[in-house]
Amino acid sequence: MDHFSPVIVAFCCHYCAYTAADMAGSMRLSYPSNVKIIRVPCSGKVSALHIMRAFQKGADGVYVAGCLEGDCHFKDGNIKAAKRVAYVKKMLDEIGIGGERVEVIRMSAGMGERFAQSAKDFTERIRKLGPNPVRAVLNQRESAGA
Amino acid sequence: MITAERKPIEEILEYLEPYDRILLVGCNECVTVCAAGGRKEVALLSSALQMARMKSGRTLEVREMTLERQCDPEYVEELVNFIDQAGAVLSMACGCGVQEVARRFKDKPVFPAVNTKFMGASERQGVWAERCQGCGDCLLGLTGGICPIARCSKRLLNGPCGGSTDGKCEISPEVDCAWQLIWERLKALGLEKRYEDIISAKDWRTSRDGGPRKIVREDLAS
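For the record, the sequence lines run as chains A and B. Take 917 as the starting number for the first sequence in the numbering used here and just add one per residue. Take 9 as the starting number for the second sequence in the numbering used here and just add one per residue.
Simulated from the structure, these hints should not be mistaken for lab results. There's no promise every hint is true.
What the hints assert, rightly or not - Distance ranges between label pairs, derived from CB positions:
| hint | chain 1 | residue 1 | chain 2 | residue 2 | range |
| --- | --- | --- | --- | --- | --- |
| 1 | B | Arg112 | A | Gly986 | 48 to 54 Å |
| 2 | B | Ser208 | A | Gly986 | 53 to 59 Å |
| 3 | A | Gly1012 | B | Lys114 | 30 to 36 Å |
| 4 | B | Glu131 | A | Arg1041 | 50 to 56 Å |
| 5 | A | Glu1029 | B | Pro117 | 53 to 59 Å |
| 6 | B | Arg71 | A | Gly986 | 48 to 54 Å |
Claimed, not checked - Below, computed lysine-lysine pairings styled on DSSO-like, alpha-carbon distance capped at 30 Å:
| hint | chain 1 | residue 1 | chain 2 | residue 2 |
| --- | --- | --- | --- | --- |
| 7 | B | Lys222 | A | Lys999 |
| 8 | A | Lys961 | B | Lys15 |
| 9 | A | Lys952 | B | Lys48 |
| 10 | B | Lys210 | B | Lys222 |
| 11 | A | Lys1006 | A | Lys1036 |
| 12 | B | Lys125 | B | Lys222 |
| 13 | B | Lys125 | A | Lys1005 |
By construction, the Cβ of each residue, glycine as well, lies at the ideal position given by its N, Cα and C atoms.
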C-alpha cells in the first residue's frame, strides 16, 4: 500500500481555492500531483452527482474547496456545497465506499499555503484509507477492453 | 403533491440481487418536486447502485429514464422499447407509478425505490409536511382552511383536546396543534362563531373505509 498513489479530484471555486492553488504555484509550494483540480465558478455549482460520478469513475477521494464562511462570491454557495457534501457522505457510507473519502475545505484566495497543506493532508488521509473499492472492477473492465 | 422518500439502498440492493441489468424509472411530477424520484435522483441512485455492485465485484447495468408522469398509461408506454433489455424495473415514482408500470408490463418484476409518504405541501425548501389525507369529504370550508383530519394527531372534528399546550400537540413540540391553528385562523377571519358549531360525526365511507375508490367522469370516460 506504500506505493498507492490515490487519484483525488478537487473541485475548486474560481474565486478562492482555485486562486489559492495559483498562489501556491507562485509561492513555489509543492503539493501532490495526484490532486486533479477542476475549476468551478462557485463551490455551490458542484452537485451531489458530480461527486458521485467522480467516485464511480474511480477517484479515491474528492474534495470541494470553497470560500471561507461568509465570503462566498455568490452569497451562500459554499454553505450549499457543505450540505451537499454531507448528503454524499451519508450515501457513500450507505454503499460501503466510505463518507470519509469526501470533504469540504475552506480557504481564501490568498491562502496558498493552506491549499498546498490541505492537498497533502487529504492525500495522506486517502492513502491510509486505500483505493476506492470500485477500482478493482474498473481495472478488470479496462484490461478486458484493452 | 404526493411526497416520497428514497428507501435505504440496502433494501433496494436486496430486491435487485438477481439482476444485472435494470431499467431505473423516475417521474417528472410530484416526486421530482419533493426531490425523491426525479431525473436528478434517478442519476444519483443509479450511480450509487452501480458503485455498490462494483464494490462486491459485480456490475449492474442501469438504463435511466424519467417519464413525464408514471401514473398515466400514455407515458408508461414509452418504456416499451427498453423493457425487454432489462431484467427488472426499479421505479422512483410514488406507489401509483410503480403499480402502473407493473400493470402494463405483466412479465417484468417492478420494485419500488421510494417509500410513498403523504399528500403534502412545501413548508420551506427541503421540508414537506402532511396537509391532506384524501378523506373524500372536504371539511376545510368549516375549519378555516386548516385540515383537522390531516393535521390533528387524533383527527378530532371538534378540538382541541387536553393535549394541546402553547399551540403545540402533545405528541411533539415540533407539531402544531391543528385546532389551535384553526381557532387563530377563524379569529383572524372574524369567524369565531363558527368555532361554536359542532361538526357532526364523519361518514368515513368516502375515505378508505369504503374500500378502494374510483372516480368516473362520464363525459370524459371512454
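Status of the hints after comparison with the structure:
A hinted range of 48 to 54 Å for the beta carbons of B:Arg112 and A:Gly986 is consistent with their spacing of about 53 Å. For the pair B:Ser208 and A:Gly986, the beta carbons lie near 57 Å from each other, so the given range of 53 to 59 Å is met. Remark: the range hint 30 to 36 Å for A:Gly1012 to B:Lys114 is upheld by a beta-carbon distance near 35 Å. Our hint of 50 to 56 Å for B:Glu131 and A:Arg1041 is violated, since their Cβ atoms are close to 38 Å apart.
Distance hint check: the CB atoms of A:Glu1029 and B:Pro117 are about 56 Å apart, consistent with the given range 53 to 59 Å. For the pair B:Arg71 and A:Gly986, the beta carbons lie near 44 Å from each other, so the given range of 48 to 54 Å is not met. Of the supplied pair hints, the one linking B:Lys222 and A:Lys999 is violated, its CA atoms being roughly 42 Å apart against a limit of 30 Å. Simply put, A:Lys961 and B:Lys15 have alpha-carbon atoms about 27 Å apart, close enough for the 30 Å limit, and the pair holds.
Between A:Lys952 and B:Lys48 the alpha-carbon distance is near 25 Å, which keeps this suggested pair within the 30 Å criterion. Simply put, B:Lys210 and B:Lys222 have alpha-carbon atoms about 20 Å apart, close enough for the 30 Å limit, and the pair holds. For a cut-off of 30 Å, the pair hint linking A:Lys1006 to A:Lys1036 stands: about 24 Å separates their Cα positions. Simply put, B:Lys125 and B:Lys222 have alpha-carbon atoms about 20 Å apart, close enough for the 30 Å limit, and the pair holds.
Between B:Lys125 and A:Lys1005, the direct Cα distance comes to roughly 24 Å. Compliance with the 30 Å bound is thereby established for this hinted pair.
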